[in-house]
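**Student:** Single-letter residue listing:
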Amino acid sequence: MSRRKTMVAMFALVALAGCTSDKPAATVTSSSAAPSSQAQASGTGEQSKFFDQADHDAQLAMRSQTPEGPADKPWEQAIAPEMTDTAQYKKDGPYHLCFSNAAVNNPWRQVGWKTMQAEVAEHEEISELTALDAEGKDDKQISDIAELQAKGCDALIISPNTTATLTPAVKGACEKLPVIVFDRGVETDCPVTFIKPIGGYAFGADGAEFLVEKVPAGGKVLALRILPGVDVLETRWSAAKLAFDKSGLEVVGVEFTDGDAAKTKSIVSDYIQRHGKIDGVWMDAGATAVAAVEAFEDAGRPVPPINGEDQQDFLQKWKDGDLTAIAPTYPTYQWRTPIIAALKILNGEQVPKTWNLPQPKITAETLDTYLKPNLPPLHYALCGCEDMPGFPEKWGGQK
Amino acid sequence: MKRNLPIFAVLLVLLAAIALANPFFLEPAGFLAFVKRAAPLVILAAGQYFVIVSGEFDLSVGSLVTAEVVIAARLIDGNEDATWPVLVLLIGFGLLVGLVNGAVTTLLRVPSFITTLGTMLILTGAVFLWTGGAPVGALSQAFRVFGRDTLWAVLILLAVGVAAALLMRADFGRTLVATGDNERAAALSGVRVNRVRILAFVLSGLAAAVAGILLGGFAGVSAQVGQGLEFSAITAVVLGGVVLGGGRGSVVAAMAGALTLEALFTLLNLYGISGALEFTVQGVIIIAAVAAGAVRLPRIFTPRKGDARVAS
Chain A
1 MSRRKTMVAM FALVALAGCT SDKPAATVTS SSAAPSSQAQ ASGTGEQSKF FDQADHDAQL
61 AMRSQTPEGP ADKPWEQAIA PEMTDTAQYK KDGPYHLCFS NAAVNNPWRQ VGWKTMQAEV
121 AEHEEISELT ALDAEGKDDK QISDIAELQA KGCDALIISP NTTATLTPAV KGACEKLPVI
181 VFDRGVETDC PVTFIKPIGG YAFGADGAEF LVEKVPAGGK VLALRILPGV DVLETRWSAA
241 KLAFDKSGLE VVGVEFTDGD AAKTKSIVSD YIQRHGKIDG VWMDAGATAV AAVEAFEDAG
301 RPVPPINGED QQDFLQKWKD GDLTAIAPTY PTYQWRTPII AALKILNGEQ VPKTWNLPQP
361 KITAETLDTY LKPNLPPLHY ALCGCEDMPG FPEKWGGQK
Chain B
1 MKRNLPIFAV LLVLLAAIAL ANPFFLEPAG FLAFVKRAAP LVILAAGQYF VIVSGEFDLS
61 VGSLVTAEVV IAARLIDGNE DATWPVLVLL IGFGLLVGLV NGAVTTLLRV PSFITTLGTM
121 LILTGAVFLW TGGAPVGALS QAFRVFGRDT LWAVLILLAV GVAAALLMRA DFGRTLVATG
181 DNERAAALSG VRVNRVRILA FVLSGLAAAV AGILLGGFAG VSAQVGQGLE FSAITAVVLG
241 GVVLGGGRGS VVAAMAGALT LEALFTLLNL YGISGALEFT VQGVIIIAAV AAGAVRLPRI
301 FTPRKGDARV AS
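From first to last, the protein sequence lines stand for chains A and B. For the first sequence, the residue numbers in our numbering are 1 to 399. For the second sequence, the residue numbers in our numbering are 1 to 312.
Heads up, a few of these hints could be off.
Within a straight-line C-alpha distance of at most 25 Å, the following computed SDA-like cross-link-like pairs (lysine to any residue) qualify [as the list claims (entries may be wrong)]: (1) A:171 - A:220; (2) A:353 - A:187; (3) A:140 - B:227; (4) A:277 - B:151; (5) A:220 - B:23; (6) A:277 - B:271.
Taking CB as the label site, the calculated pair distances span [claimed, not checked]: (7) A:276 - B:187: 27 to 35 Å; (8) B:92 - A:189: 31 to 39 Å; (9) B:84 - A:93: 52 to 60 Å; (10) B:84 - A:125: 47 to 55 Å; (11) B:279 - A:92: 50 to 58 Å; (12) B:80 - A:231: 57 to 65 Å; (13) B:141 - A:93: 26 to 34 Å; (14) A:398 - B:84: 21 to 29 Å; (15) B:28 - A:66: 52 to 60 Å; (16) A:276 - B:109: 51 to 59 Å.
Since the hints were derived computationally from the structure, they do not count as laboratory data. In this text the structure is predicted, and so the values were computed from the model without any measurement. Note that the Cβ used here is the ideal one computed from N, Cα and C, for glycine as well.
Just need the whole structure built from these sequences, with the hints factored in.
**Tutor:** And the structure:
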């Protein structure tokens with residue numbers, strides 16, 4: 001019996017330790033007040049160490065610039081391009097393209113990968129596409145890039161898994177053949193072109209500005225992030241933080257969901273219980289937006305203004321529930337562009353050194369054009385794939 | 001029941017602490033929402049209890065939960081009519097995985113730690129291969145109601161809880177504990193040890209199937225839904241005072257352990273402590289609970305004839 005008592009004491013200790021331990025800096029709640037350095041009342045915590053004011057301002061400005069190129073093909077458009085000469089890479093076809101892919105481990109990358117394969121199928125001058133999947137591992141991608149250099153590729157497309165670690169591998173490849181980098185960047189300008197949508201700051205600001213506009217002054221906003229420490233996600237949050245700091249909104253919590261729907265739903269439910277009312281939800285990615293919306297539904301509360309992303313399940317929820325919502329996007333049509341860029345380079349045509357693709361946001365006005373009920377729930381609407389052969393079946397949809 | 005008092009005391013303290021921070025918790029809706037959220041883990045803990053008390057481990061339940069949800073989404077694909085056939089199939093799949101785990105462990109004499117670790121890896125890899133890393137399809141509304149609707153989830157939990165308690169009071173329960181306590185003695189007194197252990201694994205597989213159905217209903221399709229659940233379930237069972245190595249502990253206490261663990265997570269979340277600490281907390285609990293059990297053992301130990309588990 002006394003053994004049981006010891007166990008009680010141990011558990012009580014564990015429980016107590018849980019209650020009294022200091023809050024880590026990463027999780028910021030209203031009760032912990034703002035860090036002393038900035039003394040902001042908005043509860044957003046300190047600015048991310050990844051934050052770069054010049055990049056931030058440049059991205060926000062790009063949102064209103066008119067891109068060059070065909071308006072009906074945003075994947076061929078570029079914002080404020082500075083062209084670079086590629087005459088040195090000109091050669092005759094047919095071409096053997098190679099692709100080192102960071103991963104296909106989420107629906108966004110799946111849609112993108114299918115779209116890229118469809119783009120390749122449209123070009124007869126491409127004889128072969130050799131693709132290696134790094135499965136989200138830096139070390140595998142480094143050896144993948146080395147392996148591809150020995151395969152006789154005419155051009156190498158790289159979607160880096162992480163920025164700093166992959167830089168030397170990309171530099172090594174640049175010396176052998178023309179390299180095209182897209183999605184995440186690297187810390188070298190040796191690739192012929194770097195293709196990306198406007199970027200994370202613009203994504204984060206689009207969502208936050210919408211909430212600032214729709215949520216009444218003094219309203220309580222809950223910010224949901226996937227993980228800390230990933231540059232492409234940190235930029236999204238740091239832009240949102242700036243927008244919230246300037247506003248009269250109170251950010252009652254910044255929580256990490258690990259991109260997990262159940263965890264997201266639990267966190268949002270807890271916040272609804274704790275604060276009685278949440279007036280807005282900001283998200284750094286839309287994959288779990290439906291879970292957040294359901295937390296309000298299940299609690300029997302109206303869904304406040306929220307941002308998701310261009311995934312079909314969220315767009316459907318938005319339409320069905322007539323939500324006050326917005327969907328910033330990180331368009332999957334950017335997976336078409338590297339193939340187009342590779343062919344231009346091998347043709348000796350000029351390409352933008354940094355190829356900034358337009359990054360539209362879906363609003364209540366444009367919702368109906370992007371919502372396609374015959375596509376699977378995890379499909380991303382901005383695939384730019386509607387006119388490609390095999391659509392929608394190849395993307396998991398029904399005719 | 002008296003033996004279970006400590007875990008219930010801890011649970012009450014934690015529930016009181018939650019209520020203090022969040023008065024809504026005291027209302028029926030608030031409390032039932034908590035029970036709904038805890039239901040999958042409680043059910044998993046019950047399943048894990050059967051295996052642990054018989055002297056084995058089941059590490060495969062987390063990946064089995066993920067597999068169940070991903071399979072359900074792919075097969076139902078938003079079609080309401082497919083709900084019931086797929087539910088039957090999911091239960092069947094859970095039973096089958098449990099049966100394989102049990103058969104390999106007992107008949108082929110592979111230690112359950114290795115068997116179920118292997119099953120975990122096989123299922124994880126198979127799910128990845130089948131989905132390409134991202135789940136496809138969608139669950140139907142009729143499927144989701146079990147995990148999403150509070151009443152359904154609570155009723156299912158109650159049914160599982162009562163069934164588990166009754167099972168442990170029946171002959172099966174006694175032979176199960178006897179097997180875990182001293183396999184040889186149990187076998188000599190007529191217990192069919194292998195059959196009892198296989199049944200324990202089958203029950204664990206069944207529990208994982210039910211937990212998967214509830215979790216899929218709660219939050220929808222996700223390829224990470226079961227991540228780390230095997231460790232949460234083992235932590236819950238250990239927290240309930242069940243001895244690793246088998247032979248001692250009650251299923252009610254194991255389920256109370258799961259509720260306690262979930263209450264602890266809720267409390268951490270309420271006080272704004274990072275979710276990353278959940279794993280740390282689980283690690284501390286497992287070590288502390290097992291250490292608490294082991295430290296006192298020599299003093300209260302009275303040698304029994306044929307007790308082969310002195311060292312554990």
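**Student:** Evaluate each hint against the coordinates.
**Tutor:** Okay, the hints, checked on the actual structure:
For the hint pairing residue 171 of chain A with residue 220 of chain A, the CA-to-CA distance comes to about 47 Å; that exceeds 25 Å, so the pair is violated. Our distance criterion of 25 Å between C-alpha atoms is met by residue 353 of chain A and residue 187 of chain A, whose separation comes to about 14 Å. Pair hint residue 140 of chain A plus residue 227 of chain B holds up; C-alpha atoms about 23 Å apart against a cutoff of 25 Å. Of the supplied pair hints, the one linking residue 277 of chain A and residue 151 of chain B holds, its CA atoms being roughly 24 Å apart against a limit of 25 Å.
Restraint check for residue 220 of chain A and residue 23 of chain B: satisfied, since their Cα atoms lie roughly 19 Å apart, inside the 25 Å limit. About 17 Å separates the Cα atoms of residue 277 of chain A and residue 271 of chain B, which keeps this hinted pair within 25 Å; it holds. Under the hint 27 to 35 Å, the C-beta atoms of residue 276 of chain A and residue 187 of chain B, about 60 Å apart, miss the expected range. Checked against the hint of 31 to 39 Å, the C-beta distance between residue 92 of chain B and residue 189 of chain A comes to roughly 57 Å, which is inconsistent with it.
The given range of 52 to 60 Å is respected by residue 84 of chain B and residue 93 of chain A, whose C-beta atoms sit roughly 55 Å from each other. For the pair residue 84 of chain B and residue 125 of chain A, the beta carbons lie near 52 Å from each other, so the given range of 47 to 55 Å is met. For residue 279 of chain B paired with residue 92 of chain A, a C-beta distance near 57 Å keeps the hint of 50 to 58 Å intact. In this structure the hint that residue 80 of chain B and residue 231 of chain A lie 57 to 65 Å apart at CB is violated, the actual value being about 43 Å.
In this structure the supplied range 26 to 34 Å is violated for residue 141 of chain B paired with residue 93 of chain A, their Cβ-Cβ distance being about 52 Å. Restraint check, residue 398 of chain A to residue 84 of chain B: a C-beta distance of roughly 22 Å satisfies the suggested window 21 to 29 Å. Distance hint for residue 28 of chain B and residue 66 of chain A: a CB-CB separation of about 57 Å, consistent with the stated range 52 to 60 Å. Between residue 276 of chain A and residue 109 of chain B the beta carbon distance is about 58 Å. The supplied range of 51 to 59 Å therefore holds.
The structure fails to meet hints 1, 7, 8, 12, 13 from the earlier list, while all remaining hints are met.
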